[in-house]
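Asks: First to last, the protein sequences are chains A and B.
Mapping the first sequence onto this note's numbering, position 3 (from 1) lands on -4, and the numbers just tick up by one.
This note's numbering runs 238 ahead of the 1-based position in the second sequence.
Hints are not guaranteed to be accurate.
A short, non-exhaustive set of chain B residues, derived as facing chain A with CB atoms under 10 Å [unchecked claim]:
{"no.": "1", "residue": "S251"}
{"no.": "2", "residue": "R290"}
{"no.": "3", "residue": "A294"}
{"no.": "4", "residue": "D298"}
{"no.": "5", "residue": "S344"}
{"no.": "6", "residue": "G347"}
{"no.": "7", "residue": "A412"}
{"no.": "8", "residue": "L414"}
{"no.": "9", "residue": "P415"}
{"no.": "10", "residue": "I417"}
{"no.": "11", "residue": "M418"}
{"no.": "12", "residue": "A420"}
{"no.": "13", "residue": "K421"}
{"no.": "14", "residue": "Y447"}
By construction, these hints were calculated from the structure, which means they are not laboratory data.
Here a beta-carbon is modelled for each residue, glycine too, at the ideal position from N, C-alpha and C.
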Amino acid sequence: PVSVSRVAAAVATSSGRSYTTHSQLPEEHQMIYEMCRKFADEELAPNAGKWDKEHAFPTEAVTHLAELGLMGINVPGEYGGSELDALAYAIAMEEISRGCASVGVIMSAHNSLYLWPIQAFGTHEQKEKWVAPYAQPIKEDGTLNVGCFGLSEPGNGSDAGAASTTATLSDDGTEWIINGTKAWITNAHESSAAVIFATTDKSLKHKGISAFIVPLDAEGFSLGAKEDKLGIRASSTSNLIFDNVRIPKDNLLGNPGDGFKIAMKTLDGGRIGVAGQALGIASASIDCAANYALERQAFGKPIASLQSIQNKISAMSVARDSSRLLNWRAAMMKDAGEKYTKEAAMAKLAASEAATMCSHQAIQVLGGMGYVSDMPAERHYRDARITEIYEGTSEIQHLVIAGDVFKEYKG
Amino acid sequence: DKSGVDLSNVKMSMNPFCEIAVEEAVRLKESKAADEVVAVSIGPKQCGETLRTALAMGCDRAVHVSTDLRTDYMQLQPLATARLFEKVVESEQPDLVLMGKQGIDSDAGQTGPMLAALLGWPQATFAAKVDAAGSGDGGLVVERETDSGTETVTIPKLPAVVTCDLRLNEPRYATLPNIMKAKKKKVDVMDAADMGVDLTAKNEVLEVYEPPPRKEGIIVESVDELVDKLKTEAGVLQ
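The shape of chain B in the complex, shown without the other chains (with noise of 0.2 Å):
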């Protein structure tokens, strides 16, 4: 009925952006520039599965912030989502917070630089390259993304937050030693409920619908006609 995508029979997996971020973490601890990698998932019971594989990918720990609302803007929003963050960050004191550039289902892209802005932290979005040594002592060089080609940005001092883009790294697959070893790494969970955090949504959602099929094309017999087509047809041309 176009409230929103039915998500009823729908297998859950990692959002991608988000596997390269744990990649990127684990790659981190096996250059010993980071200690201890703590994977959060914010989510239904399905998240333990998704947290269960960051640790079999490489994670130390988990956290679970265990809510029923949807995650994909429905419900739980990119604030509410950023402000439940800033909790786990504040009872963790990392030194850095990767995450994914985006949430595949809703494209937001919005959590991550919220999440920095609330902690009054710096940020680098879109990261397709991280450096931890190449900044001196305690920072980061990070290359990011942008529609104009790759920018280059540096923290000086952690903590910060970096969200990856897809071209950060390959994440890898989880091996079987390793899936085994995660059934015995430690996952806590949280209600997000019982976080002192507003989880109402501040948007509504008044449609969703699939975008209009593609339409066919059409085969024209010279450049003239394209031009006059684009002109008057596709109103593109002025």
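Next comes chain A alone, as it looks inside the complex (with noise of 0.2 Å):
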């Protein structure tokens, strides 16, 4: 047997430092965590439920995201990244997206879900192509270069193999024409480019997807119209029309078949910031309820000093902290090179829920002010929905979770 102690000594060394608290942080993480929540308390928060209103993409705040080098946090130095590592950008999406959730989806659907999968899979030419001007996106006349991911499409979602988006090789073989649609896909109005998904051999079913980088100014692509959403409706979702759309031969991203591969990989690093995403939304339903309980008063006193407010407060905290700590974790296993697959489908999972938790509980600490635009508990309520669905819906991350915890078993 084993000595618990040398155990516990191998643990501990072989993932390297892990990091449980904000104070914690090495300095940098700290710095970027003041920088974000600064940034988000002065120029977030104040706008959000006017652009919440006005379904309105807030190109202000995210140039000037940009201009602070969060929306290109992952890339290396040498396309123009920040060069940051997973911690920090699920610490950065945590904050963003407590003052915005839309400017955080923007955000997290540019780093992860665009720039990332290029970033891996891509050869150096694609990247100085596709990267370099969207980890710097802030053109010579002051728009931006966003991009998008398209992988679901109106006939399948949780199913992405099925995908019936098609590829053709061009009979001179120079060219791939791509036919089909994308639905669901954020970004769409704003982006000049995107990753799509779509099948080269429909006879290999999901190994016969390949993954693509997509000009969006290319003939015969059209934008659906703008989804009606419950929430971050300051972001723009439609469909993506494929109709013969040519794209040069080398826009093919990585290998003909590997893009179902791809798509996975990418969703795993894609949870990790949409659980911060979501964490974002449930810190700012503890902020507005905890806020909000101290100040109003019922039966001669703040409804803070009330058990059952208290047993709420507590909840909601118990849960955002936990999953936190979950999305740290699923992180901080990214930076170290290890398999994160279960881990950080554990985060969203629990991120997720969690958001809808404390933004229902905060309404309801609010009472009546909790149903009215003058707080924003309500479209916290309805910026949290999304987040159970959205890259991998909550059931998909049970099966994903429930099969690697097999697969240990069965060893």
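Since each chain comes alone in its own frame, lean on the hints to assemble the complex.
Replies: Shown next as structure tokens:
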């Protein structure tokens, strides 16, 4: 039998230092935390309600985000990025989303879903053309280069392997011809490029899916109408429609047939981002409810002194803190080069359910004030709901987690 | 017990007026009026964090004068603080010292003017605008905020001390690339006790208390009643 202390020592050295509180973080992570928090408090939170009401893409705020280096967080310096790790990304996502959940999803789709797969699987030329101008996305005329990710289709969301968008090599072999429709695409209306997944060989089923980089000014491409969503309304969501869109052969990302694998690996990291967004919504809900409870009086004293309110605030805090720890764990494992699929799925599952619960209870704490737009609680409630659905529904997360858990037992 | 403000578990951050001073210094460097910006702070270990923030805003290097004495007037007071800064100035030989006009803990506003006096340097306080180009060679034109309006002061030649007021600028957020660069910038630490300065407090703080809670206002029925109340109750009219 191996002694407990030897096992503990082995575990401690295997994955490097581990952080569980903000005060334990290394200096630059703390500075990133504080900078994002300050930016969210000063520039995002005061405007989030207006952007939500107007369904308006917050161009100025996203430009400012880009100036701060937040639109290319994990991209290496040689391609214009900020070269930060997954933990910094998770922290930044939570604080930015705490200010405005729409800005959070805009940032996460751009970073995790568009930039990451090209950075991870692309050639040097592809990175120069499609990563660098998007990691530092402010063009000379001041407008932005935004990217998006097209996996889901009207006919398949969770069943990603059933992609029916096709990519056929042209007769002269110089171009791919894309046909099909992608659905539920975040940043669709602001994007100039997309990473999309199309079947190159239907007989191979999910092994016949390939990934492509598509410039959205290509002939034959059109956008669907913007979805009228319950929440994250300042972010645009619509279909991407490809009608014989021709792209150069070199726009294939990775090898033919790699598409499904690229998508799944991309979603692992994307889940850390969405968990961060959900945590931001949860935190904003707790901030709103706790502050309100300390001011609002009932029965002659602040409602914060009532046990039923205390129980809610406590449950909200535990849900938020525990899912934050799950997210930091997934991020730190990713940074250590370890397989983190199960842990990212757990973080996304827990954080999204925490966001829903915290925002629901925040409305309850605020009472009538929680139901009107004078207070942000109702917006947090509407914003939270999508986090249990996109980037892998909670049901899919359960499948991913259970699959990995059973693998451990089968040994 | 009213002997002082309880600082345990209080999160420290850069004094807002000092942030404005850092921003102005970085802008002077960006406009090529300055070559190098050195951030200086006096205080405990947590100063390291605020100095890193200054570095992330664009300062080139930093000096941390380390002390565990309270810097909110309770122990280390403005004259001793100014004397410590005087020592740093003697070793660094800067052409310009930019400071916040006052610390928001003590609100004393004395350190800047005291430092200028110790150094025998010209000073311009409560700066709302600093123009390095406008004064001919090697000087500054400073617009100062006073209670009776803006005053323009010309400092014909550097070195000088300038203290910064709210409207001087809007401090920048540290960008991610600059936060990363700040890691590699140099921070020199020196012990306040070893600098040959008498750090003892010359003033004794007798009591620290909260202002009385705002009393409720009352609605009066007429102007006459208002005037009467101002005379007899508020005592502000004779």
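Asks: Return the status of the interface hint for B/L414: holds when the least beta-carbon distance to chain A is below 10 Å, violated otherwise.
Replies: 3 Å, holds
Asks: Under 10 Å is the threshold here; is the Cβ of B/R290 close enough to any Cβ of chain A for the hint to stand?
Replies: 6 Å, holds
Asks: Just to be careful: measuring from the Cβ of B/G347 to every Cβ in chain A, is the smallest value less than 10 Å?
Replies: 25 Å, violated
Asks: Identify whether the interface hint at B/A420 stands, where standing means a beta carbon of chain A within less than 10 Å of its own.
Replies: Because about 7 Å separates B/A420 from the closest Cβ in chain A, which is inside the 10 Å limit, the hint holds.
Asks: Next item in the hint list is B/K421. Is there a CB on chain A closer than 10 Å to its CB?
Replies: 6 Å, holds
Asks: Is the interface hint for B/A294 satisfied, with its Cβ closer than 10 Å to some Cβ of chain A?
Replies: 6 Å, holds
Asks: Is the shortest C-beta separation between B/I417 and chain A less than 10 Å?
Replies: 5 Å, holds
Asks: Would you settle whether the hint for B/M418 is holds or violated, based on the nearest Cβ-Cβ distance to chain A being less than 10 Å?
Replies: 6 Å, holds
Asks: Would the stated hint for B/A412 survive a check requiring a Cβ distance to chain A of less than 10 Å?
Replies: 5 Å, holds
Asks: Under 10 Å is the threshold here; is the Cβ of B/S251 close enough to any Cβ of chain A for the hint to stand?
Replies: Where the cut-off is 10 Å and the nearest Cβ of chain A is about 8 Å from B/S251, the hint holds.
Asks: Identify whether the interface hint at B/D298 stands, where standing means a beta carbon of chain A within less than 10 Å of its own.
Replies: Where the cut-off is 10 Å and the nearest Cβ of chain A is about 17 Å from B/D298, the hint is violated.
Asks: Holds or violated: the hint that B/Y447 contacts chain A, with Cβ atoms closer than 10 Å.
Replies: 23 Å, violated
Violated hints, in rising order: 4, 5, 6, 14; the structure is consistent with all others.
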